[in-house]
Structures are given as structure tokens and as C-alpha cells.
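K.L.:
Residue numbers (the working numbering), protein chains in the order written: chain A, 1 to 200; chain B, 201 to 516.
This list has only true hints and no planted wrong ones.
Per label pair, the in silico range of CB-to-CB distance:
no., chain 1, residue 1, chain 2, residue 2, range
1, A, A116, B, E370, 44 to 50 Å
2, A, A47, B, H364, 37 to 43 Å
3, B, P424, A, K67, 55 to 61 Å
4, A, A116, B, S287, 52 to 58 Å
5, A, M40, B, E395, 40 to 46 Å
Because the hints were derived from the structure by calculation, they are not lab data.
Glycine included, each C-beta is placed from N, C-alpha and C at the ideal position.
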Amino acid sequence: MPNTSFSPSIESRPTYAGLVPQGSAPSIMIADAEGAEAIMDLAERDAAVLDQAHLIYIPKGAKFGSKLAELGAKGYHEEASLDAAMALINRLLGSAHMGTQLYLAGSEGMMGRVSALALSLGLPLDAIQMEHRGSIGRPMQCVHCKGVTQDVTTDPFTCSHCGLTLFVRDHFSRRLGVFQAVCVDAETPGVVPEIQEITA
Amino acid sequence: MSKQMMLEVTEVEPLTPLVTRFRFEHPEKAPLPIFSGGAHVVVEMPDGEMLRRNAYSLISDPNDASGYEIAVRREETGRGGSRYMHSEVTPGTRMRISVPTNLFALDPRARKHVLIAGGIGITPFLSHLRQLDLLQQPFELHYAARSRDEAAGLKLLPKSARIHVQISDEGNRMDLGEILTDQPIGTHVYVCGPEGLISAVLDAAARHGWPKGALHSEAFASPPPGKPFTVTLAKSGRTIEVSASQSLLEALEAAKVEIDWSCRGGACGRCETKVAACDGQIEHNDHWLSRDERAEQKKIMPCMSRFTGAALVLDL
Ligand code: FES
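This is chain B alone, in the form it adopts within the complex (with noise of 0.2 Å):
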């Protein structure tokens, strides 16, 4: 778990009927670390008994060390975080935030960058903007959203020909054989979004000869909900239920049991916890495990992955 701040939220705006944009500033004006283009920081909410902690990444000046901008799109079937930060937050909330971790960082040998953004999926970019703007280095955004209440970054993006958006409501749809054909040596992918467009434009990488080095991704992901299960742990042989709107590790936190983390959305590795007995299906989310370790069912990335049949046992 990350180093934490105690910030204050000055600024509640909605971009679009489901999108809000959120500024964080330290209560006495103190300068906040600053952080590179991709980067999230996971915030905490005391939402009545549990404690949620949701990652959301930064869309503000990276080198703006006076407050940290996220943009949350309210999730109506989530687990309930986003609600929480819809309907409670507001001006003069204070909430602790970790500092700045980035898993989805601009490629510094990359020559050309290519940016693929679907829905809130938008939301690395902006700050990745900013960056390639202080570098100026050559680069072109392609946004797809499925409508204009969804599309929050249309307020936030600069004018630029580099830009182009998709409105699928609208009837425009990014084609990505074109995007991914006639690039210039040196370029490099970089796609944030819903599963079906990061595999999507994966895919077509693998079919046009792109090499897996030059493709980037970052799954929009928490967890999702789904149906109450029970772990034990095999060191004290107690047992935890999980309710349907918790993720595992929200549970294991909940029960005072230590898991590290980071990223909360299956991506950093961080929370990976050996499976000591499974009888019964794990629902693999993460994007951390390889097939192979998914189907063993001996390890269990808690941020993500939920459980469904008649026994878990977890290796603490």
C-alpha cells in the first residue's frame, strides 16, 4: 500500500450528465508530489461500515504540484464507489488519496505515440497530452464513445487536427485497420477502455505485424460485483464472507487481514495471493496472471477475482 495524504476536495463540476470532474488540494496549499502522463492514485471512502478504495487516473498538468483532477463516470451497477463519489463528495470534503503510481507511462523510446481512448477510458490521456505537449513529440488521439453524455473528455480536450472522436450514436466508428496501417518505425500504441476495445485493438496489432513491445494498455477496471462467496485462510482457519458488492480484498482489508496493493485493478501484481485449496471455480478479472497460472488455480489476484463453488482456501 502507498503513502497516503489527507487532501480536501475544492472543485465538484459535471462534465456530462454521467461524468464528474473532481479537484484535490492539500488543506494548508502544501505542494503535492508531482507525477508522469498515465498516472492514478487510489482514493478512499468511508462508505458506512466498509472502507472503499477506488483508482482513478489523474487528468491534470502532471507538472501542477497545487491539485490532483480525476474524472469519475457514475457507474449505476458498480460496486458502489463511484455512487459515493456522485452523491457524498463535495467542496470541503477531505479524503485520503495515495500518492501517484503509474502503470500506463508513456514509452520513452517511442518516436510516434498513438492514443486509443473508449468512454472514461479517456481519462490517462488528458494528462498524457500534457505531457507529450511539454516533449513535443508527434502523436495522434482516437476517442470512441458511444454517446455524448458518456464522452466526458469532449470538454477537456484541446482543439487539435491530431484529434479525432467517434460518437458511435452518431454512427462514427474508429476504424482500427486504418489507424494501425502506414505508421511511421518507432511508433508505439498505447489503448485505455473497455475489455472488448483493448483486445479489440490488440488483435488488429497482431494481424497488421506490430510487435507486442510497441502496444500498451490499461484496462478501465474495478472490480466487479457479483455473487456472496466465503474464503478461509488456511494459517488461522478463519473464515470470511464477501458480500456481493465487495471485492476480495475489500473483505480480507475489512476483516483487518494485510494484503499489499496498488493498483486495485488487477494490473500491478501486487495483491497476488497463493491459493492453498480450491474446490469450486475462481473468476479470474485481473490482467496479471497468464492463462496457464488462471487455469492451475493456485494463485488469486484478491483486487479482482471473485469465487463460486463450495471451498476456498488462501495460503495466510
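If we strip away everything but chain A, and leave its shape as in the complex, we get (with noise of 0.2 Å):
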């Protein structure tokens, strides 16, 4: 499955231009479940992108840890969730040099939540690559009670914190890598439109 093309929206919604070999220069590599296959295409481009780097998956349920551990990468490690890999990353991240290549590939809630954590160390944009793989599940901030639902696919969908009925929108906030949601029923509560599977 290659990179997911999104459909040209507001300028804030994230488009993902793929991932490039930087070479053998330091990095660390981020993936999440069909992010994998996203790495493995870029180890084929050029395999000297594995000798300096740190290599974290997050399978949620993929079946490529395997293959992605035999790559060869300087470090690899597994972690069950994308919350429990946040303190390998974050130091990682925090001990990194300028120089060091960000390779992110999967879903949108790992790849926003990881870049927001980037920008707030002071990387520019610039210096971030990233690649959509698998679910077009979107990372959704309710902005009424600021809680995250994660893999959202559907619109309207139910807040998981505040239990609010929510708009989706292509509205993304880079600082906290989550797209906002808006109470769908607040002037005629209950009149909810039907729901839909988002697309890409």
C-alpha cells in the first residue's frame, strides 16, 4: 500500500510527501502498524539509512515486527502503545543533534503527536518527514473539553471523554498534532446528521 493521498482540503489539513533517503547520517525512525511497510520501502531505496538509526514500532496488531527487527537498524525496539513509547522518544528526541533525520510513517495520531513534540523542541517543520499508512483514522480534539479521541473514522462521531456528538474538521493544530472537532448538534440538540465514513 503506498503513501495515502489525501484530497486537497484547508490549508492546515497535513499532506504527507513520502519519505526520501537521507543516507547514513544519525536518525530515528518512528512507525506505527502499516508504517512499517513505509520503512521497509525506504531501507530498499538505500540501506545506508539504517547504520545510525534508532528504529521504534508500534505494531497495533501489524505483523512486521518481525521483518522490520531482521532491517538491521543501529537500534530497534517495540513498544505496545504509542503512550508507552513516548519516553523512549522523548529522549531520543531530547539528546538528538541537529543533523539527526526524523522519519515518521503510519498513522496521523502518531505522526501529529510525535511532530508536535519535534516543533516544541524547536525542529522546523522542514526537518520532519513523514508517510500515511493504513487507517485514515485521524487523531480528533474535542474542542469543547479538549479531550483526544484517537482513529476516528467517522463523522459525526462521539467525543470519548465528554460523550458530545462532534463534527469532524480538516482544521489541524500543529502544536498539539490533532485536528478539531465541533459540537454537530448545539443549537438543535439532537438533530444529528447521518453518519459517514471519512475518506481521504
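Each chain sits in its own coordinate frame; assemble them with the hints.
P.N.:
Written out as C-alpha cells, the structure reads:
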């Protein structure tokens, strides 16, 4: 499955250019689920990218772990969830030097959260390479209770924190790495449009 | 063109045999607009027939509204602006100065700032340093100059272990590879000085895998003199002569043709002008147009660029 191409939308809607090998430079690679395939494609184009790479993988039920481990990255770590991986990611990013390459591949939720962390550490956006693979579920922040619901695939959806019915917007916050969702029936409580699957 | 103020020169101090510091204050001591580190002003010089306008970085404290200070290096081969400042301007001279504009501000997202200056390119960093002091952010400054005569910054720089000076006449050279290695994540690099230094820093940074977004540069550009040439204005059919010591922008201004401008150094993009026809070669001296745009010869930046050839027609 190739990099997802999203249909044109408002400017804040991130698009992901896809990973381009930067040779044998110190690097941090983070992938979840089908994102593993993007890392394998990357290594196939230039195996040198793995020489000084720390690769972190969050399988989310996908079966690519053993293949990734065999690629030969300098360091390979598998984590049960993004939450569990954040401590390691924080440590690797925090001690990285300028010139370290950052490759992210997989879901928008993971890429949004990690890139927001990298930006908060002062890394410019053009230093972060991203490739979208797998589920098009979005990380949505409820603008009312501020809670984030992960992997949202329908519109509208129910906020997993406050229970409001929320409308999925393309408005993306780079600082938080999430999309913004607003109450769909604020003026006419209970009148909710038909639920639809989100498309890319 | 930005708003201007008539200010009075209150101090003229030679910093080195080549570089002089000028201080401007309001004649009635009214407060001046404060600015941010890296800002510049445009100074107007009525030089005989000609009205010259040169941009200079402010070197004084950005939060000090009592005056503006600049440092001017005497350029023997320039078009005459710096010679005018050195020979005609004395305490009491009144000059028209633009309000400050900043094309070289510190990046607010940076966690650490690495400042690299060459020669008179130290000037914008003098105001940066004051701002960094206030922000209490980590930084290092690397300052290279050919000789102590040129190194005007030496007199104005505070003593600090974070400030490194290299005088090439004394056999010291800047090691860019070392400066750009092992910098913590979130470091941004700022370089100001001659063209050669800027491209050396940008090339070395690219080799070390630095993202472009963390690199900031300001060329210390004043329009180079050159051979005289003629331009034609498409709408009025007028022809205008550009003399050897004049920029195209200055020649247009002298002919009362209104052109928008801000930096007068080929960096801001404000003076971009369409070329209606070009039979010859545009000497692009700006930092604004892309390589493709230069090759097409359909646009010119009159503040910096010149022309050689049979005919240049501007869409004016
Ligand atoms: S005035 Fe700024 S590019 Fe010409």
C-alpha cells in the first residue's frame, strides 16, 4: 500500500510527502502498524539509512515486527502503544543533535503527536519527514472538553471524553498534532446528520 | 517605502580606521519606535544631485527608545554612500531615517541560537545579543574578520565565553564543521557577512544534514557599482540612464518613477519589477528571485541588479 494521498482541503490539513532516504545520517525512525512498510521501502531504496538509525515500532496488531527487527537498524525497539513509546521518543529526541533525521510513518495520530513534540523542541517542520500508511483514522480534539479521541473514522462521532456528538473538521493544530472537532448539534440538540465514513 | 523621521546625529565615533559608529536622536528628544534584534533602518543621504538611501543594521539596544545607532564600514569601491557617511556627516547633521524593519529576526521557536558573523556582518548581531540577554536564551557567537582594523565589533562586544573571535590575519580561521556538529536539537543558525561566508555556512549545514528551516542568513549587500546602462519604460516610452555609481532603483527615483521598496539590499522582494523585453543579460545581484526566475529574465530587482546588452524594457 503506497503513501495515502489526501484530497485537497484547507491549508492546515497536513499532507505527507513520503519518506526520502537521507543516507547514512544519525536518525530516529518511528512507525506504527502499516507504517512498517514505508520503512521497509525506505531501506530498500538505500540500506545506508539504517546505519545510525534508532527504529521504534508500535505494531497495533500488525505483523511486521520480525521483518523490521531484521532490517538491521542500529537500534530496534518495539512498544505496545504510542503512550508507552513516548518516554523513549522523548529521550531520543531530547538528546539528538541538529542533523539527526526524523522519519515518521503510519497513522496521523502518531505522526501528529511526535511531530508536535519535535516542533516544541525547536525542530523546524522541514526537518520532519512523514509518510501516511494504513488507517485514515484521525486524532480529533474536542474543542469543548479538550479531550482527544484517537482513530476517528466516522463523521460525526462521539467524543470519548465528554460524550458530545462532534463534527470532524480538517482544521489541524500543529502545536498539538490533532484535528479540531466541534459539537454538531449545539443549536438543535439531538438533531444529528447521518453518520458517514471519513474518506482520504 | 516605509515611514520616515528626521533625526539628528549626536555621536560620531571611529571604532576602527575603517568603521565608524553613528548615533541618531530625535531633535526634541522624543522617543523613537523600539525595534527587535536584527532590524535595520534606511538612511537617506542627499549626495549632490543624487539622493542615496542605504540600509544599515541597528546596533543599539532594541528596547532603548532614546536613539538609534549604526556602524558603517568605509567602502572605497562602493557607490559612495559609506564615503558620504564618513566624510559629510558630523554631530548636528539632520538626516531622514526610515522606521526600523526586520528581515533578520531571531526565530522564536529556536531553543539555542548560533550566530556567525563575517567582517561588518557583525552589526545585526549586536542588537541580537542584547535581546538574547533579555530572553536568557543559550547562544554562541562566532565572529571572523580579516584584520583588527575591520573588526569593529571588538569594541562593542561584551566579554563572554560564548563569544569566539577569529582574526584571519593572525592565522585564526573559523571551523564551520566543528561549529555545526553536536548542536542540540532546536538550534538555529544565523549568518551575516560576505557572500562567500554565507554560502560556506549554508553548504556546510546542508552537508551536516541541517534542515533549511533552521538556517537564517542576511547578506551584507549594498548595490554594487557597474557599467552605465539604459532602461526603457514600456508605458511612457521614457528612457532612463543608470550611471556607474547608481543603482537602477536610484536612477528610477531620480527620474521620479515611483517604485515600492524596503530593504534596498535584494532581500525583501518589495521592489520586484516585471521586465517587458530584454535583449542582453540581467546581472541579478539579489537574494529574492529563484534560479529559474533569474534564467527567464522576466523579472528584475532594481535595488540591486544591473544590465548589460542592447535593450532592457521595464513594465512600468
Ligand atoms: S527593496 Fe528589498 S528586494 Fe529590492
